[in-house]
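Protein chains in written order, with this note's numbering: chain Y, 1 to 601; chain L, 1001 to 1252.
Everything labelled a hint here was simulated from the structure, so no lab data went into it.
All values derive from a computational prediction rather than experimental measurement.
Don't be surprised by glycine CBs; every beta carbon is placed ideally from N, CA and C.
Where hints are given, some of them may not hold.
Computed footprint of chain Y on chain L; a stretch qualifies when at least three of its residues, placed anywhere within it, have a C-beta under 8 Å from a C-beta of chain Y [unchecked claim]:
{"no.": "1", "segment": "1038-1052"}
{"no.": "2", "segment": "1093-1103"}
{"no.": "3", "segment": "1180-1194"}
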Amino acid sequence: MPQSKLSPIELERILARHAHDPTRLLQILREIQEDLGWIAPEIIDSLAEHLHLPRARIEGVIGFYSFLHTQPVGQYRLLFSDNITDRMLGNQDLLAYLCNKLWVERGQVSADGLVSVDATSCTGLCDQGPALLANGWAIPRLTRERLDQIAELVLSKLPVPQWPRELFAIDDNIRRADILLANTPQPGAALRAAMQRGDGLAALEEIKQSNLRGRGGAGFTTGLKWEACRNATAEPRYVVCNADEGEPGTFKDRVLLSSQADLLFEGMTICAYAIDARHGFLYLRGEYRYLLEPLNAVLERRRAANLLGADILGRTGFDFDIEIHVGAGAYVCGEESALIESLEGNRGIPRNRPPYPVTHGYLQKPTTVNNVETFCAAALVALNGGAWYRAIGTAKSAGTKILSVSGDCARPGIYEYPFGVTVRQVLEDCGAENTLAVQISGPSGVCIAADEFGRRIAFEDLATAGAFMVFDTSRDMFEVARNFAHFFAHESCGFCTPCRVGTAMLKATMDKIAAGHGTQYDLREIDKLNRILHQSAHCGLGHTACNPTLDTLKRFRPTYERRLKSLDFEPAFDLDGALAEARRMTGRDDAGAHLSTEGKS
Amino acid sequence: MSESFQLDGEDIPYTPGQTVLQAALSAGRYIPHLCYHPEFKPHGSCKVCTVKIASGKSQRTAASCTLPAQPGLEIESDSDEMNELRRTLVQMLFAEGNHFCPSCEKSGNCALQALGSDLGVMTAGFRHFYPDRPVDASHPDILLDFNRCILCELCVRASCEVDEKCVFALSGRGITKHLVVNAASGQLADTDIALIDKAMQVCPVGVILTKRVGFAEPIGERRYDQRPISAQALDDAPRAATGKGRCTSCEE
Chain Y
1 MPQSKLSPIE
11 LERILARHAH
21 DPTRLLQILR
31 EIQEDLGWIA
41 PEIIDSLAEH
51 LHLPRARIEG
61 VIGFYSFLHT
71 QPVGQYRLLF
81 SDNITDRMLG
91 NQDLLAYLCN
101 KLWVERGQVS
111 ADGLVSVDAT
121 SCTGLCDQGP
131 ALLANGWAIP
141 RLTRERLDQI
151 AELVLSKLPV
161 PQWPRELFAI
171 DDNIRRADIL
181 LANTPQPGAA
191 LRAAMQRGDG
201 LAALEEIKQS
211 NLRGRGGAGF
221 TTGLKWEACR
231 NATAEPRYVV
241 CNADEGEPGT
251 FKDRVLLSSQ
261 ADLLFEGMTI
271 CAYAIDARHG
281 FLYLRGEYRY
291 LLEPLNAVLE
301 RRRAANLLGA
311 DILGRTGFDF
321 DIEIHVGAGA
331 YVCGEESALI
341 ESLEGNRGIP
351 RNRPPYPVTH
361 GYLQKPTTVN
371 NVETFCAAAL
381 VALNGGAWYR
391 AIGTAKSAGT
401 KILSVSGDCA
411 RPGIYEYPFG
421 VTVRQVLEDC
431 GAENTLAVQI
441 SGPSGVCIAA
451 DEFGRRIAFE
461 DLATAGAFMV
471 FDTSRDMFEV
481 ARNFAHFFAH
491 ESCGFCTPCR
501 VGTAMLKATM
511 DKIAAGHGTQ
521 YDLREIDKLN
531 RILHQSAHCG
541 LGHTACNPTL
551 DTLKRFRPTY
561 ERRLKSLDFE
571 PAFDLDGALA
581 EARRMTGRDD
591 AGAHLSTEGK
601 S
Chain L
1001 MSESFQLDGE
1011 DIPYTPGQTV
1021 LQAALSAGRY
1031 IPHLCYHPEF
1041 KPHGSCKVCT
1051 VKIASGKSQR
1061 TAASCTLPAQ
1071 PGLEIESDSD
1081 EMNELRRTLV
1091 QMLFAEGNHF
1101 CPSCEKSGNC
1111 ALQALGSDLG
1121 VMTAGFRHFY
1131 PDRPVDASHP
1141 DILLDFNRCI
1151 LCELCVRASC
1161 EVDEKCVFAL
1171 SGRGITKHLV
1181 VNAASGQLAD
1191 TDIALIDKAM
1201 QVCPVGVILT
1211 KRVGFAEPIG
1221 ERRYDQRPIS
1231 AQALDDAPRA
1241 ATGKGRCTSC
1251 EE
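In isolation and in its complexed conformation, chain Y is listed as follows (with noise of 0.2 Å):
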């Protein structure tokens, strides 16, 4: 039987290190679950009781989240990064030859309770997959020999913990350094720069000078959300840093956390010391909880050396410190005011706009969120000056930008270039051979094709969020978009109608074209589809789901029309199908125990 009770000491601990505060049920929940394996009924009631809520509140939050259970998964859960890149690097015959292994069903506990196996969205690790999580810790470069090895680790019952550690060496892969990742400031630097330019007001000032605009994909101009969080009237004010890098095929913020860690909270204090707040939040994926304990050694350092905490760097009242929230697995939350619902404790919805978060943010108050790769351009900002990072890049987009470049090149990796750079120029220097496509920005973003690779990364031609997939001919781009498909319907929050039954719809009719059921009609139930979602999600991910599916009929329709039936219309309920049972009882299979539909033979 898996355990299911924490010690009352146990438990009490773990809710004194969050102040038995319910809007910390999500850091609760997710350290239990890390110490029992699942949330157990028993466990439930008691959290309801000692943070006064309803248990069904806290039922609630634990199914919105896909790395929490109310279901014994086994003592070892094993997922296998899903994203089209795995797959074609081989992981669906890899986690088949691992079930075997194991004699275990994918998505099924083994009989003895000891382990399972089944996948999971995109664990950004593309340039060194197939990857999975053990028990959430990320394994890169699986091979049928590490599986093997993965396999007796697993039967032998030894804790992950103790896994040989080689098992989870993850490369930074950087194949291009530009400002961001060439320098490595002191510790302060960038913060003293800051200080002694002046006050806050100063600090935002340089930040608008720079020009610097949002990294995470919208790309709305950091200086003015700055702005409009510090003239917000109500108190405190909160900077969040969103580490939730969820979009398939993005993975340079993992870098930034391993590599430039100390960069990433400097931003963030330099955004506290110009907008004037005290409490920051770095919200880490649940697919990088190994950066944890780092992420922490770094700002205890910066503790120790008054780079966070009371009177930063002697200035009375310049008081901040940053707390680390790891998320649970849902793509939505990368939304940020998904993101701050999570932080809250919450189901991960995102919130109706506006307000918008830079006057109700955090608890409803004031909150300025940026990705990692914004506050580390921030802090270069606070030391070169604005300037100095305005003159790098393009008219429109100053600065650099990382690319996470992965797929059928020879050096996948992280690759930063100055904004202005063309596709084929990032696809000569990753060595990228007979290039079909690339997929910018993951499966939100845009599929181009050869005719396009003239085409600029910068945000007035291929704005981008990082991803950077590239596809050779060899490849089916049907295939690519109907794993996007599955995705998108994975991880659609289920708040509004469209989203909600739309992305199960996409991908229902993915799969039945791809079973060689679809016809002209389907297609045309794609616009329909695509058209319903603009005009009405609730946020992004809805707007965007449609994209991958409708970009790939646009460029590579053939691959679509090579799977159509002749017909226009075809049922996707199978009338043949459904008497198989009929004919299996009946011992019959002539021609008469088969139904023939109108203008098939």
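Since the structure of chain Y is already known, use the hints to place chain L on it.
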């Protein structure tokens, strides 16, 4: 003098704090809607009340129930395009659950059915999902038929804000999102819900039903048999909020 915006070319006055839908209904102008209830904070999830907003050269769409009324807004609502969108959204809701109107005791009192009828939804439109959602008949006086749930969250809100019981909450996500009951057993019998609760009165569809009275009111004499939902909604509009507290279990 109160401020105003334009709805389909007509001036609609509003008081600050009102949303476009609230102001329109108060002014006697109907915008089709489903998850909005005049006594509760707008939720904005069904998206049936989506309207088109023109500002300068750009056009965008938004749910009117959560869109703050502002001077100078030009709203397009009663157009072929917006009504077609609404019909499709209603079809999606029908496809998502198991809505068999002829055998449903809520028929005639159901907002989803009435809305479909009023908007002219004549066909299924989509392949139906036929989800497997067992009913909860555990309570002696109340039946929960989750097959018809449209996830509007009104029962969650009413139970928390008015009844102060939080009997319901939403769990899961995406197409597996579902209503859960506040009991370790997951059964309604193990909660303190009562027939007189607000949560018993707000379900727009046929999920929360009082047992043994299903057909006390004959088919043909029911709410939307008498008047279409577009007329009924205007009668219901100018009601004050009844919620007292914060909704501990709500999403928004």
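Hint check results:
For the segment 1038-1052 of chain L, the assignment as covered by chain Y holds, since 7 residues bring a beta-carbon within under 8 Å of that chain's beta-carbons and 3 suffice. For a cut-off of 8 Å, the count of residues in the segment 1093-1103 of chain L with a CB near a CB of chain Y stands at 3, and the three-residue condition holds. Counting residues of the segment 1180-1194 of chain L whose CB lies closer than 8 Å to any CB of chain Y gives 5, which reaches the minimum of 3, so the coverage claim holds.
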